[in-house]
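Each chain is listed here by its residues.
2 protein chains.
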Amino acid sequence: MKKIINDPNMVVQDMLKGMVAANTATIKQLPETTVIARCDAPTINKVGLVSGGGSGHEPAHAGYVGKGMLDAAVAGEVFTSPTPDQVLEAIKAVDGGAGVFLVIKNYTGDVLNFEMASELAEAEGIRVEHVIVNDDVAVEDSSFTTGRRGIAGTIFVHKIAGAKAEQGAALDEVKSVAERVVANVRSMGMALTPCTVPAAGKPSFELKENEMEIGIGIHGESGIERKEISTADEIASELVNKILEDGIHENGDEVAVMINGLGSTPEMELYVVNSKVNETLIEKGIHVYKTFVGEYMTALEMAGFSVTLLKLDDELKSLLDFGSEAPAFRV
Amino acid sequence: MKKIINDPNMVVQDMLKGMVAANTATIKQLPETTVIARCDAPTINKVGLVSGGGSGHEPAHAGYVGKGMLDAAVAGEVFTSPTPDQVLEAIKAVDGGAGVFLVIKNYTGDVLNFEMASELAEAEGIRVEHVIVNDDVAVEDSSFTTGRRGIAGTIFVHKIAGAKAEQGAALDEVKSVAERVVANVRSMGMALTPCTVPAAGKPSFELKENEMEIGIGIHGESGIERKEISTADEIASELVNKILEDGIHENGDEVAVMINGLGSTPEMELYVVNSKVNETLIEKGIHVYKTFVGEYMTALEMAGFSVTLLKLDDELKSLLDFGSEAPAFRV
Chain Y
1 MKKIINDPNM VVQDMLKGMV AANTATIKQL PETTVIARCD APTINKVGLV
51 SGGGSGHEPA HAGYVGKGML DAAVAGEVFT SPTPDQVLEA IKAVDGGAGV
101 FLVIKNYTGD VLNFEMASEL AEAEGIRVEH VIVNDDVAVE DSSFTTGRRG
151 IAGTIFVHKI AGAKAEQGAA LDEVKSVAER VVANVRSMGM ALTPCTVPAA
201 GKPSFELKEN EMEIGIGIHG ESGIERKEIS TADEIASELV NKILEDGIHE
251 NGDEVAVMIN GLGSTPEMEL YVVNSKVNET LIEKGIHVYK TFVGEYMTAL
301 EMAGFSVTLL KLDDELKSLL DFGSEAPAFR V
Chain G
1 MKKIINDPNM VVQDMLKGMV AANTATIKQL PETTVIARCD APTINKVGLV
51 SGGGSGHEPA HAGYVGKGML DAAVAGEVFT SPTPDQVLEA IKAVDGGAGV
101 FLVIKNYTGD VLNFEMASEL AEAEGIRVEH VIVNDDVAVE DSSFTTGRRG
151 IAGTIFVHKI AGAKAEQGAA LDEVKSVAER VVANVRSMGM ALTPCTVPAA
201 GKPSFELKEN EMEIGIGIHG ESGIERKEIS TADEIASELV NKILEDGIHE
251 NGDEVAVMIN GLGSTPEMEL YVVNSKVNET LIEKGIHVYK TFVGEYMTAL
301 EMAGFSVTLL KLDDELKSLL DFGSEAPAFR V
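Those sequence lines, one after another, are chains Y and G.
Take the first sequence: its position 32, counting from 1, is numbered 32 in UniProt numbering, and each next residue is one higher.
Take the second sequence: its position 179, counting from 1, is numbered 179 in UniProt numbering, and each next residue is one higher.
A hint or two may mislead.
Here are the computed lysine-lysine pairs in the DSS-like style, where the Cα-Cα straight-line distance is at most 25 Å [as the list claims (entries may be wrong)]:
{"hint": "1", "chain 1": "G", "residue 1": "Lys208", "chain 2": "Y", "residue 2": "Lys2"}
{"hint": "2", "chain 1": "G", "residue 1": "Lys227", "chain 2": "Y", "residue 2": "Lys202"}
{"hint": "3", "chain 1": "Y", "residue 1": "Lys2", "chain 2": "G", "residue 2": "Lys317"}
{"hint": "4", "chain 1": "G", "residue 1": "Lys2", "chain 2": "Y", "residue 2": "Lys202"}
{"hint": "5", "chain 1": "G", "residue 1": "Lys208", "chain 2": "Y", "residue 2": "Lys28"}
Covered stretches of chain Y (chain G as the covering partner; in silico rule of three or more C-beta atoms under 8 Å from a C-beta of chain G) [what the hints assert, rightly or not]:
{"hint": "6", "segment": "258 to 272"}
{"hint": "7", "segment": "281 to 295"}
Hint data in this document are derived by calculation from the structure and do not stem from the laboratory.
The model shown is predicted, which means the values in this text are computed figures rather than measured ones.
Glycine included, every Cβ here is placed at the ideal spot set by N, Cα and C.
Chain Y extracted, bound-state conformation (with noise of 0.2 Å):
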């Protein structure tokens, strides 16, 4: 294993003491806890956006806090759900009397634990609505999942539920637009290696010299197929149409893209898939209107990238490009 930490089980912890060295002016780790939140949370009479997960898929989602995206964002180990002691602590550090919503991917774990926090903070009186991302088309169930996985869409739901909540919106409403972008984002995954967790040492999986594998999951979990490796033009192709099979984006509509990279692909191989994906999108007759290349939900040093696509309408569109101060995701 090649990696520049010190000790495997200390890597969270040392991360996000980085962040918010690099971040003093904007961030604070709650005290004795794995939440990084905004240093002037809560924000009086703002919905409060909690979102958060497993580690290693950095920036999600700690780079997502800041104004007009996330107020908090917890971290669980490398790829394990946070507990429902810290998703509580992120609750009450961000509720300024508005209520909280949180962003979960669905992956039984983060689910269970979320939704328990959410229990006791109502136990506590304070009000929390959620939504569950499952953006990725590629499989039904998976290893981690019952239905489909939450990937790199839930950034969308990120930015524009952030955008609502920070215009003042109440927590029906924040709640209503994030379930108008799950409904509408769809993703998909390939990767061409795998990665290891620190603390397990080795890779979760192996892919041979010449394979690659589409639909697979940010943690590696299994995908639709392990084939040879064909150019990019031909996988591009291959995600796209598998996101439109679904058949929410069509002829006539607006969309915003992603091109994520998972972690170690280079970002002239992200910029030749934007390529052909808006090559694809045009022929099909849908109408680009903005596109995000980078890595904005990686797995770790992962070499793949997910394509996701969000059918826009004026109210998102407006969303979408309202100020945000989050380090990753500046408008």
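Dock chain G against chain Y, hints included.
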């Protein structure tokens, strides 16, 4: 070679198409060139700012094209200097009558080709000045360079000279502030793994499973020492101390810090490094004004990182904080 590309010989053209498709509102590719320029270039009476170099360092340099930073970026083949005629096209495209300023990384090919383009442009009546960035303290000469190499510190030159030009400064003022950044910026890197140039098909060097190289360049040029991997804290301290030994940054100074991932280092590890860099600087009485953690100047899929320290004064701080719409460096 596991890469998401089409034809290895078309990878730069495919990438540039994908970049333009992702940023149609803000950038354009000059016809039949590898030059990316702002859509609205030239800006009348503003100094035009041009940088560039070999591809494979994305987001450098096209990701820094935007209001407040570069007016154009010239892309060579992977790890290969762009030709003088390409640089000349960029200069001509951004000349708004106030002259053009070139930011050149110190590699023999880049220096020769940018200077030749500069002479050709002057023969056509365009005033051109330049600065050569040589921030890498690791080695004095290398396989590609006479003198020190230009690496991630270049991004601070783009940012600060770009802000100065955007504020309407004259060519000699832009040059003067760029020279001050070059005088004040120092960097050093390390790598855990090599990278593979697509057209070559195999890694340019080898590192054993337990080895790292300290002081390596962004094309894999030799560093100071190849040795057993140590902890993130030890590596971070070693790099910071080597930079400080250069004698530019001292007790009482204020600095901007960049922890730059070389391509496949998880952001988690960059933050672990930043934690120790920050601690080391505090111990030395050096105040951290701002920290940038991410991939700014990469080497394809090389694993590793560099640390950059820029000594600041009031003007440099204000220019660093000035607005930028470049996709890879939004302020």
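- Query: When you check the alpha-carbon spacing of lysine 208/G and lysine 2/Y, does it fall within 25 Å?
  - Reply: Distance ~10 Å between lysine 208/G and lysine 2/Y Cα, so the pair holds.
- Query: Going straight from one Cα to the other, do lysine 208/G and lysine 28/Y come out at no more than 25 Å?
  - Reply: violated, 39 Å
- Has the given pair, lysine 2/Y with lysine 317/G, been kept, meaning a C-alpha gap of at most 25 Å? Violated, because 37 Å separates the two Cα atoms, which is more than 25 Å.
- Does the segment 258 to 272 of chain Y contain three or more residues whose Cβ lies closer than 8 Å to a Cβ of chain G? holds (count 11)
- Query: Quick one, are lysine 227/G and lysine 202/Y close enough, alpha carbons at most 25 Å?
  - Reply: holds, 22 Å
- Message: At least three residues with a C-beta closer than 8 Å to a C-beta of chain G: is that true for the segment 281 to 295 of chain Y?
- Response: It holds: at least three residues are needed, and the segment 281 to 295 of chain Y offers 5 whose Cβ sits within less than 8 Å of chain G.
- Holds or violated: lysine 2/G with lysine 202/Y, Cα cutoff 25 Å? Answer holds: lysine 2/G to lysine 202/Y is near 20 Å, not above 25 Å.
Violation of the numbered hints given earlier is confined to hints 3, 5; the remaining hints are satisfied by the structure.
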